[in-house]
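Please model the entire structure based on the sequences and the hints provided.
Residues per chain are reported as follows:
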Amino acid sequence: EDQVTQSPEALRLQEGESSSLNCSYTVSGLRGLFWYRQDPGKGPEFLFTLYSAGEEKEKERLKATLTKKESFLHITAPKPEDSATYLCAGFNSGGSNYKLTFGKGTLLTVNP
Amino acid sequence: ETGVTQSPTHLIKTRGQQVTLRCSSQSGHNTVSWYQQALGQGPQFIFQYYREEENGRGNFPPRFSGLQFPNYSSELNVNALELDDSALYLCASSRGTGLYGYTFGSGTRLTVV
Chain A
7 EDQVTQSPEA LRLQEGESSS LNCSYTVSGL RGLFWYRQDP GKGPEFLFTL YSAGEEKEKE
67 RLKATLTKKE SFLHITAPKP EDSATYLCAG FNSGGSNYKL TFGKGTLLTV NP
Chain B
-12 ETGVTQSPTH LIKTRGQQVT LRCSSQSGHN TVSWYQQALG QGPQFIFQYY REEENGRGNF
48 PPRFSGLQFP NYSSELNVNA LELDDSALYL CASSRGTGLY GYTFGSGTRL TVV
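As they're listed, the protein sequences go chains A and B. For the first sequence, counting from 1, position 8 maps to 14 in this note's numbering; every step adds exactly one. For the second sequence, counting from 1, position 108 maps to 95 in this note's numbering; every step adds exactly one.
Chain B stretches covered by chain A per the calculated footprint, using a threshold of three residues with CB under 8 Å from any CB of chain A:
id, region
1, 32 to 42
2, 90 to 100
Derived pair list, reagent style SDA-like, types lysine to any residue, alpha-carbon separation capped at 25 Å:
id, chain 1, residue 1, chain 2, residue 2
3, A, K75, B, L86
4, A, K48, B, S93
5, B, K0, A, G47
6, A, K110, B, L26
7, A, K69, A, Q20
8, A, K63, B, T84
9, A, K110, B, T84
10, A, K110, B, H(-3)
Worth flagging that the hints you see were computed from the coordinates, not collected in a lab. Keep in mind the model is a prediction, meaning the values are calculated, not measured. Every residue, glycine too, gets a C-beta built ideally from N, C-alpha and C.
What follows is the structure, given as structure tokens:
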């Protein structure tokens, strides 16, 4: 069964204090690894897709990396507006069954 | 371009009732997926529709059913509601299989009492 595990479950940082979120996955036939940001009561907002091990993508203070077993979301000098739940998801297809398998997310709080 | 819109935003139903949730996909997208997100959990895949045909289903019972219309909008129907069906229901649209990204709506918060 496909599985995505995120750690830590919650992370509290001071503004400017860099850190990393982890996403480990066992997804059969992984075709892409997605990162989303979710604010309370809202739908997930797309951040990145990584397609192959060794790939890296950056957006403002965020950088996502991918290995064959896990992905990291690095947050450099975070600001309070970066506070949100960050979700990781593996995309695969079993036959014609295309789907995202999500982790439970990491709740990030950045204090001013 | 317009994003994904879902209606209603909130809904309260009684156990045993039936509910229909609606989704309009983003312009240019022909695939719609539905996810259930319980409190404190990640979204769980329910099913996906491409060109009005279901082309993928997660581990949800048959009382969860759906439709996709020629304009690529979609409905999620849930019969015989149970208390555990209380969750945020998310609709996501994409082009083709979804490999190049899904756009999610803000969801419908369903409470079953």
